[in-house]
Structure formats: C-alpha cells, structure tokens
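Engineer: So the chains spell out like this:
Protein chains: 2
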Amino acid sequence: MKQKLIFTEQPGVAIDILIEEMGTPQVVVVADTNTAQFVLPRLVNDSKSVASAKLITVKAGEPHKNLESLTGLWKSLSDMNATRSTVVVNLGGGMVSDMGGFAAATYRRGMRCINVPTTLLAAVDASVGGKTGINFNGLKNQIGSFSEPEASVISTIFFNTLPGQQILSGYAEMLKHALLKDETTLAKLLAYIPDGAGFDPETLLPLVEESVLVKADIVEQDLREANLRKALNFGHTVGHAFESFAFKSGSPIPHGYAVAWGMTVELILSHMEAGFSSETLHRFAAYIKQNYGSFEISCDDYPALIENMRSDKKNMSADEINFTLLSAPGKPEINRTASEEQIGAALDIYCDLML
Amino acid sequence: MKQKLIFTEQPGVAIDILIEEMGTPQVVVVADTNTAQFVLPRLVNDSKSVASAKLITVKAGEPHKNLESLTGLWKSLSDMNATRSTVVVNLGGGMVSDMGGFAAATYRRGMRCINVPTTLLAAVDASVGGKTGINFNGLKNQIGSFSEPEASVISTIFFNTLPGQQILSGYAEMLKHALLKDETTLAKLLAYIPDGAGFDPETLLPLVEESVLVKADIVEQDLREANLRKALNFGHTVGHAFESFAFKSGSPIPHGYAVAWGMTVELILSHMEAGFSSETLHRFAAYIKQNYGSFEISCDDYPALIENMRSDKKNMSADEINFTLLSAPGKPEINRTASEEQIGAALDIYCDLML
Chain A
528 MKQKLIFTEQ
538 PGVAIDILIE
548 EMGTPQVVVV
558 ADTNTAQFVL
568 PRLVNDSKSV
578 ASAKLITVKA
588 GEPHKNLESL
598 TGLWKSLSDM
608 NATRSTVVVN
618 LGGGMVSDMG
628 GFAAATYRRG
638 MRCINVPTTL
648 LAAVDASVGG
658 KTGINFNGLK
668 NQIGSFSEPE
678 ASVISTIFFN
688 TLPGQQILSG
698 YAEMLKHALL
708 KDETTLAKLL
718 AYIPDGAGFD
728 PETLLPLVEE
738 SVLVKADIVE
748 QDLREANLRK
758 ALNFGHTVGH
768 AFESFAFKSG
778 SPIPHGYAVA
788 WGMTVELILS
798 HMEAGFSSET
808 LHRFAAYIKQ
818 NYGSFEISCD
828 DYPALIENMR
838 SDKKNMSADE
848 INFTLLSAPG
858 KPEINRTASE
868 EQIGAALDIY
878 CDLML
Chain B
528 MKQKLIFTEQ
538 PGVAIDILIE
548 EMGTPQVVVV
558 ADTNTAQFVL
568 PRLVNDSKSV
578 ASAKLITVKA
588 GEPHKNLESL
598 TGLWKSLSDM
608 NATRSTVVVN
618 LGGGMVSDMG
628 GFAAATYRRG
638 MRCINVPTTL
648 LAAVDASVGG
658 KTGINFNGLK
668 NQIGSFSEPE
678 ASVISTIFFN
688 TLPGQQILSG
698 YAEMLKHALL
708 KDETTLAKLL
718 AYIPDGAGFD
728 PETLLPLVEE
738 SVLVKADIVE
748 QDLREANLRK
758 ALNFGHTVGH
768 AFESFAFKSG
778 SPIPHGYAVA
788 WGMTVELILS
798 HMEAGFSSET
808 LHRFAAYIKQ
818 NYGSFEISCD
828 DYPALIENMR
838 SDKKNMSADE
848 INFTLLSAPG
858 KPEINRTASE
868 EQIGAALDIY
878 CDLML
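Here the protein sequences line up with chains A and B, keeping their order.
Be aware that the first sequence starts at 528, since it is given in my numbering, and climbs by one per residue.
Be aware that the second sequence starts at 528, since it is given in my numbering, and climbs by one per residue.
Hints were generated in silico from the structure; no laboratory data involved.
Check the hints yourself; a few may be wrong.
A pair counts as met if it fits within one copy or between any two copies, since identical chains are not told apart.
Dumping the calculated DSSO-like pairs for lysine-lysine here, alpha-carbon to alpha-carbon at most 27 Å [as the list claims (entries may be wrong)]: (1) Lys-602 x Lys-586; (2) Lys-775 x Lys-575; (3) Lys-586 x Lys-757; (4) Lys-602 x Lys-775; (5) Lys-581 x Lys-775; (6) Lys-841 x Lys-715; (7) Lys-586 x Lys-816; (8) Lys-841 x Lys-581; (9) Lys-715 x Lys-586; (10) Lys-586 x Lys-529; (11) Lys-667 x Lys-581; (12) Lys-529 x Lys-757; (13) Lys-715 x Lys-575; (14) Lys-531 x Lys-816; (15) Lys-841 x Lys-775; (16) Lys-602 x Lys-667.
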C-alpha cells in the first residue's frame with residue numbers, strides 16, 4: 528500500500544473527501560495542546576468530519592513522545608470504543624504523527640490514519656514514510672513501527688504563523704531531498720530563501736510537493752530501510768552528533784539546523800572520499816552559513832562529537848562510523864564508513880569554511 | 528514475507544540452522560518462568576545458539592500478557608543493546624509468542640523472531656500467522672500488530688509432559704482447521720484421540736503439520752483479516768461467550784474446550800442456516816461430548832451468553848452478531864449474522880445433543 532499524498536491549500540476539504548472515500552468511518556483527531564488550541568479551530572470550520580470527530584489531546588513537545596503519553600492514547604481509543612475501522616487524524620508536528628501513528632498502528636492490531644502536518648519539518652519529513660514510534664529508555668524512537676498512514680494532507684497555510692527558525696528547520700530537510708534528487712532541484716532551492724520577509728506559501732507549496740515526492744519515491748522502494756532508504760540519513764550522522772553535543776552543553780539547537788550543518792560536514796566528507804564537486808560544496812556551505820549561521824566548534828570538541836557519531840544506532844559495529852555519502856547530487860552511496868582521522872579532517876575544513 | 532514452518536523432533540538443531548542462515552546474529556530467548564525452568568535446559572543442551580543466548584524471562588500466565596510485562600521486555604532489550612539484527616526466540620505458549628512477538632515487532636521498529644511453541648495449542652494456533660499483542664484496558668489483545676515471525680520451529684517433543692487437558696485444548700484448534708479444510712481431514716482427526724494413554728508424538732506430528740498448513744495457507748492469503756482469515760474465527764463467537772461466562776461464574780474453562788463446544792453450537796447454526804450436513808454435525812458433536820464432555824448451560828443462561836456474543840470485537844455494529852458458518856467442511860461463509868432467536872434455537876439443540 529502506498530500512502531496518498533495530497534498537496535492543497537484547502538486541507539479541510541481534502542480531509543472530508545478522504546474520509547468519505549474511506550466509507551465515512553468514526554474519526555478521532557489526535558492533536559497536541561498547541562495544535563488543539565491554535566490549528567484545530569480553523570479545521571473545524573472547514574471540515575465536517577473534523578467538526579464531528581472526537582478529540583484526543585497529548586502534551587506538546589518531544590519529551591512527551593513517551594510511553595506515558597502513548598498509554599494515554601491507547602486508553603482513550605479503548606475507552607471511546609474505537610474499532611479497526613475508526614480513522615485517526617494526526618494534527619501536529621512530527622511528535623504527533625510519530626506517536627499517533629504508532630498508536631493507530633497497534634490499537635487492535637492496526638487502524639488507519641491520516642497525517643495533517645502543521646509544521647514544514649513534519650510536512651517534508653515525519654508525515655511521509657511510515658516511521659512511527661516513541662522515545663524510550665532515554666533513546667529516540669526506540670519503540671515503533673514502519674506503518675504508513677493512509678494519506679498525508681500537506682498544506683502550507685498552517686506554516687504562516689510558524690517562527691522563521693522553524694521554517695528554516697524544515698527547509699534543511701528539503702535541501703537534503705534536493706541533494707538526493709539532482710543538481711537542478713538543488714539549484715532551485717539554493718535560489719530561494721524561506722525567511723520571514725520572503726516567505727510566500729504559493730511559492731513554497733510546489734517546492735514542498737517536489738521535496739515530499741523525493742522522499743516518497745525512496746520510501747516506496749525500501750520502506751524498512753534495508754538499503755536505499757538509508758540515503759535519507761544523509762547529514763544525520765554528524766547532524767545528530769551536533770544536536771546531542773548542543774543538548775548536553777545546555778544550548779539545544781533545532782533539528783533542522785543540526786542537519787544543515789551536518790550535511791555541510793558530510794558533503795565535505797563526500798568531496799574527500801566520494802568525489803563530490805568542490806564547487807557545489809562551496810555553494811551549499813555558503814547558503815547554509817548565510818541562512819543558518821554556523822555551529823561553533825573547536826578541535827577540542829572533536830572527540831566528544833566523534834563519540835556521539837559512534838553511538839548512532841545505524842552503526843553496525845562499535846568500530847565503524849556509518850555515513851551516507853554523495854558522489855554527486857542524486858548519487859548517494861550508502862553504508863560508507865569513515866575513520867576518526869577522516870572525520871577530523873572534514874571537521875577542520877568545516878571550521879575553515881563556516882567559522 | 529512468508530514465515531518458515533519447520534516440523535521436527537530436533538528443535539535445537541533446527542534453531543541453530545536458522546540462526547546460521549540469518550547470519551549468526553545475537554540471540555535473545557524470551558521464556559516464561561515455567562518454560563525457562565523446564566524447557567530451556569533441554570534446548571540449551573541441543574542448540575549452541577540457545578546456549579549462548581541472553582535470556583529474558585516474563586511471568587507465566589495470561590494475566591501477565593500486559594503492558595507492564597511488555598515494558599519490561601522492551602527495557603531488557605534496550606538495556607542489553609539489542610539491535611535490529613538481533614533475533615528473538617520465543618520459547619513458550621501463545622502468551623510468550625504474542626508478547627515476545629509484539630516486543631520484537633516494535634523494538635527499534637522491528638527485529639526478527641523465531642517461535643518455538645511449547646504447547647500444542649500454541650503450535651497450531653498462536654505460533655503461526657503473526658497475530659501479536661497484549662491485553663489492555665481489560666480487553667484481550669487490544670494492543671498488537673500483524674507481524675509474522677521469521678520461522679516457527681514446531682516439535683511435539685515438548686508436549687510429552689503436558690497435561691491431557693492441554694493437549695485436548697490444542698486439538699480443538701486442529702479440529703477447527705480440519706473443518707476448514709475438508710471431510711477427509713476431519714474424518715482423520717475424528718478417528719484419533721489424543722488423550723493421555725493414546726498420546727503418541729510420532730502420530731501427532733504429521734497431523735500437527737497438516738493442521739498448521741491449513742492456517743498458514745489462509746493467513747498467506749489474508750494476513751490482516753480483511754476477509755478469508757475471518758474463517759479462522761469459526762467456533763470462537765460462541766466459544767468466547769462460553770469462556771467469558773465460565774470465567775465470570777468463577778469456574779474458568781480452557782480456551783480449547785470453549786472452542787470445542789463453541790464449534791458444536793456454530794455447526795448447529797451452520798446446519799440450520801447454511802446447509803451443513805446433519806450426519807457430520809452429529810459425528811462431530813459425539814466426538815466432542817466423548818472427549819471434552821459438555822459445557823453445562825440452561826436456557827436461563829441464554830441472555831448472558833448472547834450478551835457476551837454481542838460484545839465480541841469482531842461485530843461491526845451493536846445490532847448484529849457475527850459468525851463464520853460452514854456450508855460443508857472446507858466451505859466457510861464469513862460475515863454471516865444470526866438473530867437472537869436463531870442463536871437460542873441452536874443453543875436448544877446443543878442442550879439436546881450434548882447434555
């Protein structure tokens with residue numbers, strides 16, 4: 528089953544059509560405390576299936592993507608006698624679709640769900656591809672499943688009110704998809720700046736659509752991340768290391784920013800080890816520096832950063848650090864490894880280029 | 528993916544071969560407090576992969592098939608740094624494979640598992656077909672997934688020490704599979720009595736194999752129980768009603784006995800509503816009465832029994848009671864409904880035949 532992808536500025540109408548196609552089942556909206564307050568009222572006006580739906584609210588924020596919230600979701604579904612034919616509408620960011628999607632995938636061995644992402648990051652990333660789950664035992668997404676939603680309804684109208692930082696955070700994943708597609712797509716995204724003043728839903732929606740389709744195409748070929756899907760981890764080995772490092776030092780950074788900087792380092796590695804063009808690398812790094820600034824590191828931080836990379840759950844053994852590299856835009860090489868020396872050299876170049 | 532089915536009297540050898548085929552990954556055995564004590568030592572002698580495996584023990588018994596035990600399983604897997612390539616070996620009855628299978632299906636979005644059923648009931652039912660899960664909020668299997676194991680290693684050597692009642696309980700599901708296959712298979716099972724004195728592993732294993740293949744064939748066509756798989760619910764609408772009734776009245780009955788009596792009632796309904804042969808019905812009922820005895824009911828109990836049938840989670844609406852009926856052995860008719868009057872009439876005939 529391939530999930531439906533609907534790009535629209537009338538999400539309420541799209542939801543009603545989907546629900547009707549699904550046989551007009553009982554609908555349950557899962558929202559977080561923010562989206563329930565600020566987004567749901569707009570949808571209630573535009574969608575009769577949302578207006579008549581039951582609501583389950585979860586506490587907002589990644590720390591609440593946990594077993595306690597999941598148990599609450601299961602309990603609410605059970606108490607309201609939801610059946611296998613009930614449809615869950617996940618209204619929120621990735622935290623809501625991850626956890627709501629997992630609850631739906633496991634309640635009575637699986638009910639259907641529709642994702643309605645309310646952030647750009649969720650629209651281009653979590654809402655598509657069926658990775659669901661919760662954090663557990665101090666580890667991200669430790670419990671979950673690969674369970675695709677019936678559909679994602681993607682609309683930029685929800686993004687109007689997002690802070691510029693959140694838009695840029697989502698845009699970083701779009702840059703990643705462009706790097707996985709081709710030179711032309713990358714050039715198009717590097718020519719656009721989705722900041723506060725320049726933000727324009729009509730321009731953004733087609734770019735979002737193109738970006739989501741890159742991911743959907745990869746996921747369709749390899750849902751369970753046996754091989755090709757690993758390409759979507761591009762930028763994330765270093766990105767996660769930056770994110771953990773920043774978190775531990777008490778100054779957390781947005782996920783997308785970590786990925787933006789992580790991609791820069793991994794493009795440097797790709798240049799060193801896989802022949803990625805120096806010219807494209809420099810254009811990319813300049814764009815990141817201009818729009819995202821730089822993540823400040825010094826060579827004293829390398830051991831801690833490399834330690835973070837080593838504990839990444841994608842590594843197959845403790846001796847090697849796994850990367851997806853690119854020989855060119857659209858040409859990922861999965862399951863590449865790099866030594867500490869190579870990583871150190873790439874971080875040196877990062878410091879030269881970015882700081 | 529279709530699960531491998533291995534029928535053998537050397538389960539330890541079979542497990543070692545499977546583990547080697549899977550690339551000699553880390554192995555974790557999930558057992559309950561009984562199988563860890565009484566079955567595991569035998570396997571440890573015969574299997575080097577089991578001998579070198581880590582062990583996770585869960586408390587034995589259906590009441591422990593709950594969120595607390597599942598959380599413990601997840602925590603143990605996480606604490607021992609199990610990865611996606613780790614293989615779980617579920618050693619026990621259906622409770623162990625249901626819960627261990629669900630833990631495996633959801634730990635890091637899915638690891639592989641092998642079921643090694645230690646009861647006849649688990650061998651012919653839970654170990655095959657990928658229904659995993661836990662009881663939740665007072666409801667059976669309320670949380671779970673359809674996740675097939677990599678393989679089931681089925682061996683009657685584990686059944687030697689089972690009480691006769693447990694053997695008969697498993698045999699009831701075999702009778703169900705025979706009813707779903709054909710007249711010949713049914714006749715073969717009705718000619719065999721798996722009681723204490725007559726119990727003979729060499730005769731039983733081929734019958735078990737034939738029985739499991741009936742289920743596997745149905746599951747392969749319809750894993751998610753959209754249609755054909757519902758045939759496997761034959762006997763269970765009334766069976767579950769008997770089981771709940773007995774449980775509430777303080778004298779629980781084994782699941783397989785409830786299904787044996789439930790099948791008798793549903794064959795009566797099948798005779799009344801779907802043309803099932805009276806002669807075969809009488810032979811079946813006589814076999815059940817002789818080997819399982821009878822479940823004592825009177826017409827005063829009908830309303831409570833019908834109420835139990837009404838709350839069955841397979842019913843699509845509160846107004847109808849769903850059954851799988853048979854027009855003949857091998858000819859199931861799913862999604863049939865019956866009125867209270869029809870059910871009452873069938874229970875009357877059950878009382879005439881069986882009491």
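Engineer: Any of the earlier hints contradicted here, and which numbers?
Structural biologist: Failing hints, ascending: 2, 3, 5, 6, 7, 9, 10, 13, 14.
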